[in-house]
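J.: Model the full assembly from the supplied sequences, consistent with the hints where possible.
Here are the chains, one letter per residue:
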Amino acid sequence: MILQEGQLQFDFVGAIGAFKFDEQDTTSATFHGLSHCMKAVDFVVEYADHYLFVEIKDPPNPARYGTSQDKDMLINNLVTKFRDTFLYRWAEKKLDKPVRYQCLVELDNAQTLYLMNQLKNRLPKDKPTRWHRPLAHLCAVANRSTWNATFPTIQVVRLP
Amino acid sequence: MLEKIKFERFTAFERLEVKFSPGINIFIGENGTGKTHILKAAYAACDVAKSKSGFAEKINNVFYPSGKQIGRLIKRSSVSTKGSVEVTRRIENDKKIYLRLSLSNHTTKPEKAKVSGYPKAWTENPMEAAYIPVKDMMANAPGFRSLYEEREIHFEEIYVDIVRKAFLPVLKGPTDKQRKQLLERLQDAMEGKVVAKNEEFFLRSKNGELEFTLLAEGFRKLGLLWVLIQNGTLLNGSVLFWDEPETNLNPKLMRAIVGILLELQRIGVQIFLSTHDYVILKEFDLQLTKKDKILYHSLYRNRDTGEIEIASTNRYLDISPNAIDDTFGDLVTREIQKNMQGGKK
Chain A
-16 MILQEGQLQF DFVGAIGAFK FDEQDTTSAT FHGLSHCMKA VDFVVEYADH YLFVEIKDPP
44 NPARYGTSQD KDMLINNLVT KFRDTFLYRW AEKKLDKPVR YQCLVELDNA QTLYLMNQLK
104 NRLPKDKPTR WHRPLAHLCA VANRSTWNAT FPTIQVVRLP
Chain B
496 MLEKIKFERF TAFERLEVKF SPGINIFIGE NGTGKTHILK AAYAACDVAK SKSGFAEKIN
556 NVFYPSGKQI GRLIKRSSVS TKGSVEVTRR IENDKKIYLR LSLSNHTTKP EKAKVSGYPK
616 AWTENPMEAA YIPVKDMMAN APGFRSLYEE REIHFEEIYV DIVRKAFLPV LKGPTDKQRK
676 QLLERLQDAM EGKVVAKNEE FFLRSKNGEL EFTLLAEGFR KLGLLWVLIQ NGTLLNGSVL
736 FWDEPETNLN PKLMRAIVGI LLELQRIGVQ IFLSTHDYVI LKEFDLQLTK KDKILYHSLY
796 RNRDTGEIEI ASTNRYLDIS PNAIDDTFGD LVTREIQKNM QGGKK
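Chains A and B, in that order, are what the protein sequence lines are.
In terms of this note's numbering, the first sequence opens at residue -16 and continues consecutively.
In terms of this note's numbering, the second sequence opens at residue 496 and continues consecutively.
One or more hints might be untrue.
What the hints assert, rightly or not - To spell it out: a stretch of chain A is covered by chain B in this simulated footprint if at least three of its residues, at any positions, have a beta carbon under 8 Å from a beta carbon of chain B; those stretches are: (1) -13 to -2; (2) 66 to 75; (3) 94 to 100; (4) 117 to 123.
Derived from the structure by calculation, the hints contain no laboratory data.
By construction, the Cβ of each residue, glycine as well, lies at the ideal position given by its N, Cα and C atoms.
T.: Below is the structure:
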């Protein structure tokens, strides 16, 4: 199943379904309709044993995406998008499988590693004793090159 | 300014040509790809312009092959082999001159090696150069120079050279504004200034004087840079070689170091660094302005031939292959894989 965001095209091999989660087309069956009050990840993909939330950040000038302020904003944005999407899916009664959250961020590997650590802190997998399940079973942040090496069944290409 | 260097069957290189930036040159690559060899060969060429010693002898002393047999610097081969190293620089009126050392693996002594090109013009146009090696020498300075002169000790000459440079007296006349600012920035970073007494270095701060042997190695490096700026070794037209500046330095100090290196470049110092450190690369990327001149040189082994090749670029994001970023990429992959495995449990 192929989806595209900007110049990046994703091929979700083996997926049962995949759609643009923040769909703005009012005539579409998957129209989001709550963009005025809820953030949304780019794609939601369904597999036999899990759901996958995909968020894409493709900054036009990655070299200048460097200050801690930028990073804090980026992490907040990634966290909020996950949480709002999670709530939206709860209301849809579509949280019957574990959720994975994968962010494709076109920054260098050191920066994506930092983002991944921060994101994992904000969406903890080590659940407190009162929880029965984690929010996300996986939090991953990778650039396209590392993504393709790590997730061979979800290849991403940059279109010309 | 050094313009380029060319190797043929010399040390690790079968054939390699590197064109330099007149500003900052940063060499990255895995261990064994020849970063330090490039720095050492270029430094030897710079040094003989002023010291007027022979290029072959300097190369031999700087590389220190076993038994000081210069022929051992030729790339290993099962047959008789000839090799060379050639350094090109620009002198006044934009004239290009080069110095070429040719030898074979059977050459035993430096005087048997051939130096060609423009050796006369080379020494008629002296240049100042300093090579900061990976290991700190400031704390071991007392007596080291005389020991080196009097005894055959197994040290590459870069170590005694840097001690000699550190002991040079301060330039006559008042310190110009730019150098003063640089010295102040270094003083802020190391919280003091350097004084030398009887061949021993101390860091003088508000808490008193601390001998270099008791000082963190990172501060010793800052202290050395301070001395080289203060005594005028690093001025317009000079060349600084720094092998792995990150060694023993807290990454937080890198911001100040990179800022100072960029300022040195702006006053006309040509700089050569080798590094394995992400923070250095990123600091340069963040602090560079459009006027700054920089080249990132990535050394790597060709997968088919196994020979060392180079890719140079002035854009941080275009460095390819990037051994440092690849390592982080590997960490990202392993971290994700570990989490995925954990999720299955």
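J.: Compare the structure with each hint and give your call.
T.: Cross-check of the supplied hints:
no.: 1; hint: -13 to -2; verdict: violated (count 0)
no.: 2; hint: 66 to 75; verdict: violated (count 0)
no.: 3; hint: 94 to 100; verdict: holds (count 3)
no.: 4; hint: 117 to 123; verdict: holds (count 4)
Hint violations for this structure: numbers 1 and 2, all remaining hints satisfied.
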